[in-house]
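J.: Using the sequences and the accompanying hints, generate a full structural model.
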Amino acid sequence: SHALSRYAEAAASMHKLSAAWFDATSTLVCFCRASGAAADTVDAFQGTLVRLMSALSAFCFDDLQTCGRHSPGDHRRFEVLGAEDFDRDVQRTIAGSSHRVECVFQMVQHLVVDAMGTSTGTSS
Numbered sequence: 089s090h091a092l093s094r095y096a097e098a099a100a101s102m103h104k105l106s107a108a109w110f111d112a113t114s115t116l117v118c119f120c121r122a123s124g125a126a127a128d129t130v131d132a133f134q135g136t137l138v139r140l141m142s143a144l145s146a147f148c149f150d151d152l153q154t155c156g157r158h159s160p161g162d163h164r165r166f167e168v169l170g171a172e173d174f175d176r177d178v179q180r181t182i183a184g185s186s187h188r189v190e191c192v193f194q195m196v197q198h199l200v201v202d203a204m205g206t207s208t209g210t211s212s
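Residues 89 to 212, numbered by the numbering used here, are exactly what the sequence shown covers, in order.
Keep in mind the hints are simulated off the structure, nothing from the lab.
All values reported here derive from a predicted model rather than from experimental measurement.
Just so you know, even glycine gets a beta-carbon here, dropped at the ideal spot from N, CA and C.
Where hints are given, some of them may not hold.
Label pairs and their computed distance ranges (CB to CB) [as the list claims (entries may be wrong)]:
1) 167 <-> 122: 28 to 38 Å
2) 93 <-> 202: 38 to 48 Å
3) 169 <-> 202: 20 to 30 Å
4) 180 <-> 112: 36 to 46 Å
Straight-line distance between alpha carbons at most 25 Å, and here's what the computed SDA-like set of lysine to any residue pairs gives [said to hold, decoys possible]:
5) 104 <-> 146
6) 104 <-> 189
7) 104 <-> 191
T.: Structural data, given as structure tokens:
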């Protein structure tokens, strides 16, 4: 039926999206191997990256599920790996944003660009 076909297409698109996030994250983590930065600096970058990408994934799927409405209701909650490890300012910024996906995506961009400037992982 048409409905089953649309469901299967949507499920395949969600898997492709998850795979793209995994590829992006694993590629950035891999680039860190060539870093001249201290091991604890690289570890901090990688940990923050994984937490932000987890948040990006969770918020994107939550927005798809709720059609962008952030009202309490009976819907699945998506786990964010290490959410408690974000500092208070990051937690407040995300919680206060009406566009969480875009907010976290921009945080990822800033993290990568800042790391490039300090040779954490993406440049030598």
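J.: For every hint, state whether the structure bears it out.
T.: Hints and how they fare:
1. 167 <-> 122: 28 to 38 Å: Holds: the Cβ-Cβ distance is about 31 Å, inside 28 to 38 Å.
2. 93 <-> 202: 38 to 48 Å: With a Cβ separation near 44 Å, residue 93 and residue 202 satisfy 38 to 48 Å, so the hint holds.
3. 169 <-> 202: 20 to 30 Å: 21 Å, holds
4. 180 <-> 112: 36 to 46 Å: 26 Å, violated
5. 104 <-> 146: Holds, because 15 Å separates the two Cα atoms, which is no more than 25 Å.
6. 104 <-> 189: 17 Å, holds
7. 104 <-> 191: Cα-Cα ~22 Å, so holds.
Of the numbered hints listed earlier, the single one contradicted by the structure is hint 4.
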